[in-house]
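Asker: Residue strings, one per chain:
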Amino acid sequence: MNLREKLKKSRDALNRKLGLVFGEGVDENTLELAEEILLASDLGWELTELVLERFRKEFKLNRDSSWKVILVDILEELLPENKSWSSDAKPAVTMVVGVNGAGKTTTIARLSQAITRDGHSVLMGCADTYRAAASEQLALWGERLGIPVHTSIEGTDPGSVTFDAIKKAQTLKLDHVIIDTAGRLPTQKGLMDELSKVYRVAGKAMEGAPHRVLLVLDGTVGQNALPQAQQFMKFIPVTDIVVTKLDGTAKGGSVFAMARELNLPIRYIGVGEGADDLVVFDGRTFVEAIVGGND
Amino acid sequence: MFDKLADRLGQTFKNLSGKGVLSESNISDAMREIRRALLEADVNFKVAKKFVAEVTEKATGERVLKSLSPGQQVVKIVNEQIVELLGSNAEKLELTGKPPHVILLLGLQGSGKTTTAARLAYLLQKKQNRRCMVVAADLQRPAAIDQLEVMAKKAGASFYCDRNEKDPAEVTRAAIHKAGLAYNDVVIVDTAGRLHVDSDLMEELERVKAVAKPDESLLVLDGLSGQDAVNVALEFNEQIGFSGAVLTKMDGDSRGGAALSFRAVTGKPIKFVGIGESVTGLEEFDPSRMAGRILGMGDIVGLAEKAQEMFDAKEATKLQKKIKTNSFNLEDFRKELVKIKKMGSLNELMAMLPKGMRPAGADLDSSQFTQMEALINSMTTRERLRPEIINGSRRKRIAKGSGRTVSDVNRLLKEYRTMKKMMKRMRSTRGMASMFR
Ligand SMILES: Nc1nc2c(ncn2[C@@H]2O[C@H](COP(=O)(O)OP(=O)(O)OP(=O)(O)O)[C@@H](O)[C@H]2O)c(=O)[nH]1
Ligand SMILES: Nc1nc2c(ncn2[C@@H]2O[C@H](COP(=O)(O)OP(=O)(O)O)[C@@H](O)[C@H]2O)c(=O)[nH]1
Ligand SMILES: [Mg+2]
Ligand SMILES: [Mg+2]
Numbered sequence: 196m197n198l199r200e201k202l203k204k205s206r207d208a209l210n211r212k213l214g215l216v217f218g219e220g221v222d223e224n225t226l227e228l229a230e231e232i233l234l235a236s237d238l239g240w241e242l243t244e245l246v247l248e249r250f251r252k253e254f255k256l257n258r259d260s261s262w263k264v265i266l267v268d269i270l271e272e273l274l275p276e277n278k279s280w281s282s283d284a285k286p287a288v289t290m291v292v293g294v295n296g297a298g299k300t301t302t303i304a305r306l307s308q309a310i311t312r313d314g315h316s317v318l319m320g321c322a323d324t325y326r327a328a329a330s331e332q333l334a335l336w337g338e339r340l341g342i343p344v345h346t347s348i349e350g351t352d353p354g355s356v357t358f359d360a361i362k363k364a365q366t367l368k369l370d371h372v373i374i375d376t377a378g379r380l381p382t383q384k385g386l387m388d389e390l391s392k393v394y395r396v397a398g399k400a401m402e403g404a405p406h407r408v409l410l411v412l413d414g415t416v417g418q419n420a421l422p423q424a425q426q427f428m429k430f431i432p433v434t435d436i437v438v439t440k441l442d443g444t445a446k447g448g449s450v451f452a453m454a455r456e457l458n459l460p461i462r463y464i465g466v467g468e469g470a471d472d473l474v475v476f477d478g479r480t481f482v483e484a485i486v487g488g489n490d
Numbered sequence: 003m004f005d006k007l008a009d010r011l012g013q014t015f016k017n018l019s020g021k022g023v024l025s026e027s028n029i030s031d032a033m034r035e036i037r038r039a040l041l042e043a044d045v046n047f048k049v050a051k052k053f054v055a056e057v058t059e060k061a062t063g064e065r066v067l068k069s070l071s072p073g074q075q076v077v078k079i080v081n082e083q084i085v086e087l088l089g090s091n092a093e094k095l096e097l098t099g100k101p102p103h104v105i106l107l108l109g110l111q112g113s114g115k116t117t118t119a120a121r122l123a124y125l126l127q128k129k130q131n132r133r134c135m136v137v138a139a140d141l142q143r144p145a146a147i148d149q150l151e152v153m154a155k156k157a158g159a160s161f162y163c164d165r166n167e168k169d170p171a172e173v174t175r176a177a178i179h180k181a182g183l184a185y186n187d188v189v190i191v192d193t194a195g196r197l198h199v200d201s202d203l204m205e206e207l208e209r210v211k212a213v214a215k216p217d218e219s220l221l222v223l224d225g226l227s228g229q230d231a232v233n234v235a236l237e238f239n240e241q242i243g244f245s246g247a248v249l250t251k252m253d254g255d256s257r258g259g260a261a262l263s264f265r266a267v268t269g270k271p272i273k274f275v276g277i278g279e280s281v282t283g284l285e286e287f288d289p290s291r292m293a294g295r296i297l298g299m300g301d302i303v304g305l306a307e308k309a310q311e312m313f314d315a316k317e318a319t320k321l322q323k324k325i326k327t328n329s330f331n332l333e334d335f336r337k338e339l340v341k342i343k344k345m346g347s348l349n350e351l352m353a354m355l356p357k358g359m360r361p362a363g364a365d366l367d368s369s370q371f372t373q374m375e376a377l378i379n380s381m382t383t384r385e386r387l388r389p390e391i392i393n394g395s396r397r398k399r400i401a402k403g404s405g406r407t408v409s410d411v412n413r414l415l416k417e418y419r420t421m422k423k424m425m426k427r428m429r430s431t432r433g434m435a436s437m438f439r
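Those protein sequences? They're chains A and B, same order as listed. In terms of the numbering used here, the first sequence opens at residue 196 and continues consecutively. In terms of the numbering used here, the second sequence opens at residue 3 and continues consecutively.
No lab work stands behind these hints: they were computed from the structure. Nothing here was measured: the structure is a model prediction, and the numbers come from that model. Hints may be right or wrong, so weigh each one.
What the hints assert, rightly or not - Take a look, some chain A residues computed to stay more than 12 Å from chain B by CB distance:
hint: 1; residue: 231
hint: 2; residue: 233
hint: 3; residue: 241
hint: 4; residue: 261
hint: 5; residue: 314
hint: 6; residue: 456
As the list claims (entries may be wrong) - Each pair of labels, with its calculated beta carbon distance range:
hint: 7; chain 1: A; residue 1: 392; chain 2: B; residue 2: 199; range: 36 to 44 Å
hint: 8; chain 1: A; residue 1: 355; chain 2: B; residue 2: 201; range: 40 to 48 Å
hint: 9; chain 1: A; residue 1: 388; chain 2: B; residue 2: 212; range: 41 to 49 Å
Note that the Cβ used here is the ideal one computed from N, Cα and C, for glycine as well.
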């Protein structure tokens, strides 16, 4: 199944519901439906209010468009700008961070596969020396995809693994190195301090590294997305967002609200557990999935 | 947040001063605020809507109590209603009859099943002296078997896996058979994470469950989840069926509204909450603590209890007055330090405060108290009563007199100001302790 089909599957049910009011005027009913859609997507109370306010105005001006299209347009406009990313550094160092179980390791495997397919070389470094069998997990991905992995035993200092991985990538003249880190909740101060340290160590291994820091969020996350990201940013300068698990019925609206608030680009979305299930974020598709319909 | 909610409610009740009854019209504004608070806590919007309707009905016609503001009274009703909905008692695991008993864990990817498997084994072995076996029936996630093996070792539980088998139902069958022979009391089956819309994997889980015939099937739910928790709970319940839930990652600062959503749509109990990443991090679910968390009020009940232990009434009135007139000085501070030292750590106390009320930079441990006392002791009476006169040269003298540095003095003054602020805030939610008695 491709992305479109996957996203479509999860919004078909919604479509049926929406079909009934398609094209009608902005009565209380429509407003309420719109509100439900927005809240159900985890957009949050505040942003929902803002969108609805615009919705009322826009509706008067665009009486002939479907209300869903108007809603999609409004949401799309609210997305943070998505400048493309590139780096001249060699290796370009990417660090991947996030809370427990968000999908960091899987994202790294998939990203590395995409890089390889583009004809570039990459090393995956496992600085998660904390969770049980974390390095085995990444090593298995490496084996499966034929991508080199740098690991060490549980309990090793994650900074030193990071340092070694970057040095190794330099020696081997690789294009990319991607560092996996242990999942952590921002309330765990010790682990957050450790993250800052890993970040600094990367800079010592190579001037300017890491060149980007991806924050991975589980698409089912609720209103904790914003405080989560804010607190991560106190310890490490996050540059991009990845949202995973959008192949389910969750819409990732709280990540939308967070990215907008912090003006961070959403770069990729995860739509399954497989090696191919990571796609470049497309704002229009994303907000259409939130609203449902418009195929 | 309690502050914020009570304040906001205070606004909506401006015209209802201490007398009269709560009527539908004056409640409706308040209910908008309640709904907002619930949504911000990730309670599902449908659940929130129904909840608000119920609370409105309950609150309408209630007399406003003398001791509470109408806002506080509404929060009280809301709080009680949440506790009631969450279930008044912590429900235990039902493991009766002939062993081995089977516990099946299910849920989405990354929700915490594997960790919970090891934790349950640890808990049951330690608290109930049951011999546990954990079973690696996640054949999907890379290195899932290794992860469980490591965790099982940490929990001191037996471990079963079959690295050549491709069918998790078969693994489960063989494991239970072996557990019977080896006199294990409880078999805990860790399954692969899956989405409720993935029909192949859901069917697989159905087969595992049919083989396992579990005494308990627990849905492991991520405590950070938002609106979708309802879909997950409903679908897993309908397609597979479970007896309760475990809510994980509660060491985070999510408000945990998923707990309310879960309970409201399934009617099943939440049996445990997961804290941290170690095998020891499983606690019994506590509805009233959870209610406070959802409303952003911290553990008000626990705090009130502690506070009661801490202050006797007369002292408290004196302190209240001091705080009110803003004359809380370093001498008072010293007295409080001594009391807190008796109570345990200040951090513990802080942790019970709602997040918004927790003063920034409040990070003390009791070992520092002795040092702070020494600093205050080397101050003059005038300095203690009027801390604002403590200038640079006085700081130097105080530091020297107690064998400390000026930065120690500065830190002390900062802590004093923090404490003063905290006291003031606690005062502004006066009636807080009494309302939950
Ligand atoms: N359905 C679905 N599952 C995903 C997706 N991304 C990751 N997963 C699954 O989610 C689970 C956790 O993924 P990991 O990549 O191990 O997450 P992590 O952030 O590295 O986890 P920790 O290192 O344990 O904190 C695994 O079972 C993955 O297969 C996705 O986009 N969709
Ligand atoms: N902070 C925290 N992390 C947890 C908790 N429970 C599980 N984890 C972590 O969350 C991640 C996913 O947990 P895991 O048990 O592998 O989930 P599974 O995919 O459902 O088996 C791992 O990194 C665990 O260490 C919890 O209660 N608190
Ligand atoms: Mg990982
Ligand atoms: Mg697992």
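Asker: Name the hints, by number, that the structure is in violation of.
Answerer: 1, 2, 3
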